[in-house]
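2 protein chains.
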Amino acid sequence: MTTSTPDTHPPEVIHFAARTSIEQVEEGHDLAPKFDQDGLIACVTTDATSGEVLMLGYMNRDALEKTIQTGEAHYWSRSRQVLWHKGATSGLVQRVVEIRIDDDQDAVWLRVSLSAGTYAAPASCHVGYRSCFYRTIELQTGKIGYAENAKTFDPKQVYGDAPNPTIL
Amino acid sequence: MTTSTPDTHPPEVIHFAARTSIEQVEEGHDLAPKFDQDGLIACVTTDATSGEVLMLGYMNRDALEKTIQTGEAHYWSRSRQVLWHKGATSGLVQRVVEIRIDDDQDAVWLRVSLSAGTYAAPASCHVGYRSCFYRTIELQTGKIGYAENAKTFDPKQVYGDAPNPTIL
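Chains as they are written, first to last, in numbering that gives the first Met the number 0: chain L, 0 to 167; chain E, 0 to 167.
Please keep in mind that the hints were generated in silico from the structure rather than gathered at the bench.
Predicted model, so just to flag it, every value in this text is computed and none were measured.
Hints should not be assumed to be uniformly reliable.
Sample of chain L residues at the chain E side, in silico, Cβ under 8 Å [stated by the list, open to error]:
#1 Ile67
#2 Arg99
#3 Cys124
#4 Thr151
#5 Asn163
In silico EDC-like pairs for lysine to aspartate or glutamate, Cα to Cα no more than 16 Å straight-line [to be verified]:
#6 L:Lys33 - L:Glu22
#7 E:Lys142 - L:Glu64
#8 L:Lys142 - E:Glu26
#9 L:Lys65 - L:Glu97
#10 E:Lys142 - L:Asp153
#11 E:Lys150 - L:Glu26
#12 L:Lys65 - E:Glu137
Glycine included, each C-beta is placed from N, C-alpha and C at the ideal position.
Put together the whole structure using the sequences plus the hints.
Following this line, the structure appears as structure tokens:
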């Protein structure tokens, strides 16, 4: 039997408005996000201090609501098909400094501050780099280069034998 | 009859590799982008100077290739279903400073410098704001606020009667 702790500050219910006109969506004060055919909205996450893009993820309604309510980034993991509280495994929690939404409300921008994990310096990428965007594509040639010289943590130590989320 | 101008510097053909292993995709030197079921890859575009996120768009193979070859941002317009050389109508061209690609190669990050158009200060958003992300979502409550106080240009003057790309 579990003991429930009374929650003296229940989270506010987040109201997602129906999308009724271009003016309402683009220039209004209604939060009226557009979820795609899979029920997802794209989310770009940047480091609030450096401005570096850390990752591009996806949220379903639940993930967006929980991110707003808790101030910690939640995503929908497309590879694992679960709600994903970023940092639940790794300790690399993303604390939200600001949330923005775009003109047609089909994309969200999170500005976050990164936490360090038990075995890891502040970082965001499951491969071990600070940002998921650790590689460059050279203009004109398309050649791949590396923007980060070294990993910030050892993914084996942080994730153990958890399956790699990359899908070919 | 049109006169063709000989191109003394034909663009390099950009080679997109087949995706053969997680190691190749995440830690290799092959450009092996993953296009989704609609043939698209997500692209986040930031101002190379301020770090501000300007927009989140999508590219097909052709748009990604042309962006690499020309150093100017090209997208696939999902609303108009055409290759979209950003700035072709508005003059608000995005000159690419750096291209990055993420761990599983299903997202691209463009760092760009903005051009001013004939009728517009440097900006990126069809509604008239500098960034498409001109609105905030308040933590805990989900209330919408404005991060930009005023538009940087009059979209009527720049786009005339062109159809609004926002889809409800």
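Each hint, compared with the structure:
1. Ile67: Holds, about 5 Å.
2. Arg99: holds, 4 Å
3. Cys124: holds, 6 Å
4. Thr151: Violated: closest Cβ of chain E sits about 13 Å from L:Thr151, beyond 8 Å.
5. Asn163: holds, 5 Å
6. L:Lys33 - L:Glu22: holds, 15 Å
7. E:Lys142 - L:Glu64: holds, 12 Å
8. L:Lys142 - E:Glu26: Measuring from Cα to Cα gives roughly 14 Å; hence the hint holds.
9. L:Lys65 - L:Glu97: Within the cut-off at roughly 14 Å; holds.
10. E:Lys142 - L:Asp153: Between E:Lys142 and L:Asp153 the Cα gap is close to 39 Å, so the pair fails against 16 Å, i.e. violated.
11. E:Lys150 - L:Glu26: Measuring from Cα to Cα gives roughly 11 Å; hence the hint holds.
12. L:Lys65 - E:Glu137: Holds - the C-alpha atoms of E:Glu137 and L:Lys65 are around 13 Å apart, at most 16 Å.
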